[in-house]
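A.B. asks: Now for the letters of each chain:
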Amino acid sequence: MLIPVIIGVTFIVYSIMFFTPGDPALIILGENAPEEQVEKLREEMGLNDPFIIQYLRFLKNALKGDFGRSYSTRKPVFNEVFSRFPATLKLSTAGLLLAVAIGIPIGIISATRQYSLLDSITMVLALLGVSMPNFWLGLMLILLFSVRLGLLPSGGDVGFASLILPAITLGTGVAAIITRMTRSSMLEVIRQDYIRTARAKGVAERRVINKHALKNALIPVVTVIGLQFGYLLGGAVLTETVFSWPGVGRLMVEAIKQKDTPVVLASVIFMSVVFSIVNLLVDILYAFLDPRIKSQYR
Amino acid sequence: MSDNILEIKDLVVHYITDEGVVEAVNGLNMTLKRGETLGLVGETGAGKTTTALSILRLVPNPPGKIISGEIHFDGENLLELSEEEMRSIRGNKISMIFQDPMTSLNPVMTVGEQIAEGIEIHQGLSTDEAMEKAHEMLELVGIPRERAIDYPHQFSGGMKQRVVIAIALACNPSLLIADEPTTALDVTIQAQVLELMRNLREEFNTAMILITHDLGIVAETCDKVAVMYAGEVIEYATLEQLFENPKHPYTIGLFGSIPSLEHDVERLKPIKGLMPDPTNLPSGCPFHPRCSHAQDICKERKPIVTNIEEGHMVKCLIYEGVIEAKEVL
Ligand SMILES: Nc1ncnc2c1ncn2[C@@H]1O[C@H](COP(=O)(O)OP(=O)(O)OP(=O)(O)O)[C@@H](O)[C@H]1O
Ligand code: SF4
Ligand SMILES: [Mg+2]
Chain A
1 MLIPVIIGVT FIVYSIMFFT PGDPALIILG ENAPEEQVEK LREEMGLNDP
51 FIIQYLRFLK NALKGDFGRS YSTRKPVFNE VFSRFPATLK LSTAGLLLAV
101 AIGIPIGIIS ATRQYSLLDS ITMVLALLGV SMPNFWLGLM LILLFSVRLG
151 LLPSGGDVGF ASLILPAITL GTGVAAIITR MTRSSMLEVI RQDYIRTARA
201 KGVAERRVIN KHALKNALIP VVTVIGLQFG YLLGGAVLTE TVFSWPGVGR
251 LMVEAIKQKD TPVVLASVIF MSVVFSIVNL LVDILYAFLD PRIKSQYR
Chain B
299 MSDNILEIKD LVVHYITDEG VVEAVNGLNM TLKRGETLGL VGETGAGKTT
349 TALSILRLVP NPPGKIISGE IHFDGENLLE LSEEEMRSIR GNKISMIFQD
399 PMTSLNPVMT VGEQIAEGIE IHQGLSTDEA MEKAHEMLEL VGIPRERAID
449 YPHQFSGGMK QRVVIAIALA CNPSLLIADE PTTALDVTIQ AQVLELMRNL
499 REEFNTAMIL ITHDLGIVAE TCDKVAVMYA GEVIEYATLE QLFENPKHPY
549 TIGLFGSIPS LEHDVERLKP IKGLMPDPTN LPSGCPFHPR CSHAQDICKE
599 RKPIVTNIEE GHMVKCLIYE GVIEAKEVL
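Top line first, the protein sequences correspond to chains A and B.
Quick note on this note's numbering: the first sequence kicks off at 1 and runs consecutively.
Quick note on this note's numbering: the second sequence kicks off at 299 and runs consecutively.
Some hints could be false.
Some but not every residue of chain B turned toward chain A, in silico, with C-beta under 8 angstroms [claimed, not checked]:
no., residue
1, Leu356
2, Arg388
3, Asp398
4, Thr401
5, Glu415
6, Ile419
7, His420
8, Gln421
9, Gly422
10, Leu423
11, Ile447
12, Ile487
13, Gln488
In case anyone wonders, no lab produced these hints; they're calculated from the structure.
Note that the structure is a prediction, hence the values are computed from the model and not measured.
Where a beta carbon is used, it is the ideal one built from N, C-alpha and C, also for glycine.
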């Protein structure tokens, strides 16, 4: 499953990189390099071959495990990507933890007080959270906390304080999605007959919610969290750019600017693989939460 | 201590919805003696489930609300208890079995945990002791104790209902409310589950309210019968009285023309006309639009309880002597 997806994705990315203007050889050598030198480099790099030849050559090498070297740094591409991944993982995890820590409790409270003022406020905030563009929120946070108040750094990965603003930026939308999902899933579950059975047993309301309802309600939420984590890992591009965060997303943006096709491809492949691994982990967690699925695997 | 385990007086329960106020229960009166089984019958929408949920104070709120009335259980008015006191009664002194065993068990908890939970809450036992008791309950309802670690989806419908019964009886309640406990099951399984319930009721000397559409089940199981119509009990009698000598035109309609304990009793016979719209109940006697004996006064005057003989009560103007029946009843 993963292989055809990666082939498809790399084909698209390769085409885009190929057919958009910009000449890698010229970028490597600089604007003022002599024409014959540029031409020589183009020939060496195989850049004069037709598109399909170039793509198939890439694919053939890739299948052998050779993804090439960065045009600009001449290092193997995956070294580049791996060196950037911890930063991305750190940021995504922080964003997700924040989103879960906010989204799940608020979703539960909101559901148990459906139509209350608190519930309405939550739903409005969640709507704002979902619709607010990341980069805009990031810029606003920088303006307020870095420029105006001077409390937090505006960019780079320089310790815990520098993680706060990007994590908020990244986590807000996800928190909103998790809140909504938790709320609707919880509302669905507390109408179920088995919740009435629990109450009829004399179980206290708190325990009805936390023990009987929550585990059932979390099953769909976990799927959403998993998907969101995948998106965070891959979709931190804007946030990483706004905060000059040295992650894979920013590496990819820089590589696109420099027409560094191998790095762009490696980043994309890497993200796809990570996304799939996350999904697999979610499936495992899912089985752990839902005994109906667990017994299917036995 | 009074003879009556349960006495409901003038209970009124409404569901307040966007479409209007559903008058689900309207001045319902009912009594139940210790150890006795009462059959609660009536068409769909008559308010049977709502009455049952009111006793446990579990009418979903919103939209439901107990407007007025008294529910005396063991001499205490349940409607005046705190939520905390009420919780110590639920699943302990009063238990309820719901209609659909497919949905009444929590899919992510083992059946053992679900039985043990009530025991742990009410009997102050440790988790292990409660689980041991849960195993015993499982065996009592005919399920091997090893299956306590299984989840509901690993059981058939009939087995699930046995688990539900085990949950309900775990704390040896003095009142068990069973809301159509077998409707969702296959006919053969129905008989087994009913048999089990009858045996256990005798063993534990539990009073029971059995809600059902099935007059056959009533005939086999109940001591008393209350017939509900539009949120009221319109006839209340012993099993014999009701089957041999039904009085209310609605009850007579339910039994068809020849009601008898000896004959095969079938499911409730449909009566011409529809259940009235509960958001807009008819004035006077709520049955008048469908009653073949109805006269003008039935549209205005609400019948009160008339005693036919000891323990046989009916709400109909004929027996108040206000009007004459069209033919001999
Ligand atoms: N949650 C609810 N919200 C609004 N109306 C309700 C609700 N529950 C029940 N009702 C209405 O209250 C009336 C009585 O319902 P109830 O469930 O008590 O009837 P029932 O006698 O148990 O019927 P059935 O035989 O179908 O189970 C019906 O008109 C029903 O539509
Ligand atoms: S009071 Fe009138 S309408 Fe009601 S059941 Fe008796 S005869 Fe019929
Ligand atoms: Mg019902």
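A.B. asks: All hints are to be evaluated individually against the structure, with a verdict given for each.
C.D. replies: Results for each hint:
no.	hint	in the structure
1	Leu356	holds (6 angstroms)
2	Arg388	holds (4 angstroms)
3	Asp398	holds (6 angstroms)
4	Thr401	holds (4 angstroms)
5	Glu415	holds (6 angstroms)
6	Ile419	holds (5 angstroms)
7	His420	holds (6 angstroms)
8	Gln421	violated (11 angstroms)
9	Gly422	violated (13 angstroms)
10	Leu423	violated (14 angstroms)
11	Ile447	violated (10 angstroms)
12	Ile487	violated (19 angstroms)
13	Gln488	violated (19 angstroms)
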